[in-house]
Structure formats: C-alpha cells, structure tokens
Amino acid sequence: MRGIVAHFRELDALCSAIEDLKKERFTKVTVYTPTPRHEIDHAVDPPRSGVRKFTLIGALAGATFGYWIAVWTSEYWPLVVGGKAFGSWIPYTIIAFEMMVLIGALSTVAGMFVLSRIPRLVQTVGYDPRFSGGDFGIWIEDAPERLPAAEALVRKHGASEVRGEA
Amino acid sequence: MASMADPLPPARPNIPSAGVQLPAVLTYEQVDREIGETLNPTKAWFGGLALAVLCLLIGLGAFTYQLYYGLGVAGYEPPVMWGVYIITFVFWVGIGHAGTLISAILYLFRAGFRTTIYRVSEAMTVFAVMTAGLFPILHTGRPWKAFWLIPYPHWRLIWSNFKSPLVWDVFAISTYLTISTTFLYMGLIPDIAALRDRETNPVRRRVLGVLSMGWRNSEREWRHFTRMYLFLAAFATPLVLSVHSVVSFDFAMALTPGWHTTIFAPYFVAGAIFSGFAMVWTIAIPMRKWFRLQHYITLNQLDATAKVVLLTSMIVGSAYLIEFFIAWYGGVKVEQQYFWNRVFGQWHWAAWIMLTCNMILPLSLFSQQLRRNPTWLFILSLFINLGMWFERFVIVVPGLSHEYEPWQWAGYTPTWVDLGILLGSFGWFFMWFLLFVKQFPVMAISEVKEIIPPRMRNAATAGGGHH
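Chains A and B, in that order, are what the protein sequence lines are. Under the numbering used here, the first residue of the first sequence is numbered 2, with each subsequent residue one higher. Under the numbering used here, the first residue of the second sequence is numbered 216, with each subsequent residue one higher.
There could be a bad hint or two in this list.
[Claimed, not checked] Chain A residues, not near chain B, derived (Cβ > 10 angstroms throughout): (1) E142; (2) A144; (3) V163.
[What the hints assert, rightly or not] A few chain B residues facing chain A, derived, Cβ under 8 angstroms: (4) R357; (5) I373; (6) E550.
Just so you know, the hints here were simulated from the structure itself, not pulled from any lab data. Where a beta carbon is used, it is the ideal one built from N, C-alpha and C, also for glycine.
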C-alpha cells in the first residue's frame, strides 16, 4: 500500500489532524480543501508562494520590451517631424505599461502552473471527487509499516472515512 | 425558495462587511447543488439564444452588404467620418470595465458583495471586449487589412507608429482582452474541477478534466492559486484604468472642439464603470429571478452596487457640467458654440437623452427603497445603457459636425447598415453570454464556499471566515 486517503467533514478536525501528523513526522502529506481557508494555512504552515518572482521578472521584461520595440522601430525608420526626437518616451510609456501588464500577468499564471505542477495528466491516486464538494481530505504517503499509525491518528481526530491506496 | 430569499433587512444594513453575507446558504453541498442547477437549459434559454442568433444574423447580413458595396453605405458624410461604429466601440469597451472593477478592484478592497456577481461580470467583460474589438476593424472599411496595426517584421521595414493613439488602442484592447480572458479562465479552473468531479457523462467528464488541467484542490495548488489571483487582480486594476484612458485619448489627442480636453480620461473611466454596472444589472437581475438565486444575489448586494452606480453617475454628471464651465470660462468661441449647439441646437435631443438617463434618473438611487427594488434597478439599467450609448454619440457626432469653419458644419444620419450592425453586436454579445452560462457556473462555487462558515466539530471555533 502506497498511502491512505482520509476524509474529514469538519475543518477543525482536519486542522488538528494536520498538526498531529506533523508532530509524528509524517512528511508526505497532501491536504485537500474545496475552498482556501486560513485555518489550513496556519496548520500546514507552508513556505511562501514563489509566484511573485515570476511576476516581477515578467513585468520587468514586459516593460523593457515595450520601451525597446517602440524606441528601436522609431530609430530604425526615422521620420523627421518638426525636428522632434525620434524616440519619445512619454507616449511609449503606454506601450511599455501595456506590455508590462501583459507579460507580467501571463508569467504569473505560468508561475502558478509550474509551482502547482499543473497541468496534471493523471490525478486519480490519492484523490477523491468529494474533495471539490463538501469534504476536506488528507493523502498520506509513507512506508507501509507506518501507515497503520497514520490511520489511527486520523481516526482519532474524527476522519469520517479512511481508505488505503496502492 | 421564497422563504430563503432576502430576509427583511435591518434599517441600515452593513453591506460590505466581510462577515456572513448569505444567511440562506448554509452548506457546501447546497452551493454545489443550487449553482449546478443553473447549468440545465430551459425553454427561456433556448428562446433567448434563438433571438440573439437572429440579431447576429441581421448584423452579419448588414456587414456582408457593407463589404460588397463599401463603407459608403454606412452613413458617413464629410466631415462626420466617425459614426455608429466608433460610438458602439466605446460603448462596449465601457461595458467591459465594470466586470474588471468587480472582479479585480473590489477583490483588492475585500468588498464582500462582489463574490456572487463577479463571475457574470467577468464573463460580461470578456464578451463585451470581444464585441468592442470588432468595431474598429469594421470601421476601417477593409477589415482584411486590420493586421497592419500589429507591429511585425515587414519586407518594407515599416513599423507601426507608436505615437499614434490608434496603436495605443491596439495594445490596450488586446492586452485587456487577453488578461480578462485569463482572469476569467483562471477563476474557473477550481469550479470546472468541481463540475468534473460530479459529471457522469464520460465524454463531458473528459473535456472538463482537460479544461480543469487536473486541478485537485490541494493546499499547495490553492496557495499558489491565491497568490496568482491576487497579482492578476493587481495587474488588472491599473490596466482597466489605462484602457478607457487610452480610448479617451483617441478623442483627446485631436484638436476637435469638445474633444481636446484633459478631463477625458477620468470622465471616460467613470462613465465606463457606470455603464458597466448598468449592464451587470441588466444581466444579473433577470438571472437571479430565472435561476432562483435571490438568496445568493441578495438585496444587500444590489444595494451596494446601486451605491457605486450613484457615485459614478455623479462623477459623470460633474464631468458634463465641468465641460460646460470650462467652455465658458476658457473663453474660446468655438468651444462655447460647440457646447451650445450640443445642448440647445442641432443635437439637443441626443444631449437631453444623455443628461436625463445618466444624470437625472440615477439620482433616484438616493432612496434606499429604490436601491433595494430589483424591478426599478432593472428599468434604470436599460435607461443607463441607452444614455451611455447616447453619451458617446454626443461626444463623437456633434464634435465632428461642428468644427471651426461653417463649411465643416453638417449632419449625420445612421443608415440601416449601421443600425443592423449595432443590433448584431448585441446578438453577438448575448449569444456568447448565453452559451457561457449553460456551460460554466454563473457564480464562483469555490469563492461562495469561502464566505460560508465551514462545518466545525467544536462549535466554539466556528466563524472567522476568510480574511
């Protein structure tokens, strides 16, 4: 057996089970919730999301590209109008801004995909369709000899259903 | 259902509080069931879709006629070379803005009343911008050459003119469409996963599985998702302000009387939000009745949106008055005559439709009783939609028809082709919208669950929703 899937009907039962699993050093634990809850964040205490790095890099790259394409094309085919400068940063700020938003937002989405490891082709192991409905859940992976202890722990905290998965 | 809908409000409801706002929605299963039921097509839905497709076909017929005979059939007469197409372009871009305001700006401000209306608003944004984007292309007369606006390497080494407001428009509108679509789709992913998990038809389940990208509701996914959503909202907020500012620059960069003014950007943005909220009412008020969602889109939420409409109406009304004041105070004869001609001359009928619908009728929203009356809000929304289309008419046509010299003074009458394409745009918009509401949930299931207190074993720890 590869691990166990536990269902919880109540949020506080789930959170106390997560905290105990951490104390008992079960490290490969995946928590499922139909909606984001801060109580779960506090129980899991995960590292901060790294999405912001993708956002910053994308936004800076987008703004740079926006200014660059506008300035470069103006210099490449110079049109002399009243002796004014070819490259004119004030109107080009609009292009730079739009490109900053476009590339920044798309790289934010790409960051979420990379860090969440989606798109995922196979998602049947360690999951239950009820986790997108009304149930909270935990998927615990560990050595087979440790799994009975994990099962006893989640049952103690009020798991409504526990099943093993190969 | 009647007993669940809209319990009697306190005299002064605390509308935007982040606490429990849906007293008649109790469990996650209830949310799944009731929102899921909206996906079953009804006779009214088929009727609406048929009407929308009919309008679209009329528009396509008019467009085909124009393609064959040329842009001359569209009612343009020098000097009025902008007409219904540009007016309708600005109208639809404006409609889109409320969607982003509700989904992004109100998200950043943690305004709880947005939760149950943001999905329809965001979908409305995407379809409105899709509609708006067609009009500059129609207006060019040679739509097959529209790609010239996009900067791409070319054998003649000529690039777009980045100092032109038309090119700014291309960047602003295409970015807006891309980001709005992304924002809508990202918000849909957890809901598509919920539909996938309940679907019994294997083909449909597979399609939903692909669209949900294998989303599993894990804590890890939610952690990155909520960050991503926050940053998308943070990008969409200045974007939405920039888009209508850029649209206003199409006018403000010209020297035409009535157009060349620095007030245009905030004036257009406020007008866009005003008209967009009206369209949200036009869509959401019948929807809450037909889908029996009165306990999700409650009177408190309608009341809160009515306050936004009242505020933006007063901003737009102030802008109308400031335009007049500056024309008088600036002492420029051409400007003064333009504004006089707008309200008391040739275009008085259009200007008074605008002033009545946008400035006078919304003042009724000072009454709490009317703010909480969905029938009145729906009727008012139709007036505001009409008034905001005429606002753009009043900006575009009187300006061009009354420039500096008497030989530049003329009239403008739209032809059946203009009006057919205008009708077709409504058909196009509502067709997409109706198709959307039968394929995807009209409310964000996961976000509605977020504002419902979760089930607790120990009642003492209950409460304290998402913050």
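TODO: Against the earlier hints, flag every one the structure doesn't satisfy and list their numbers going up.
DONE: Numbers 4 and 6 - these are the hints that the structure violates, sorted from lowest upward.
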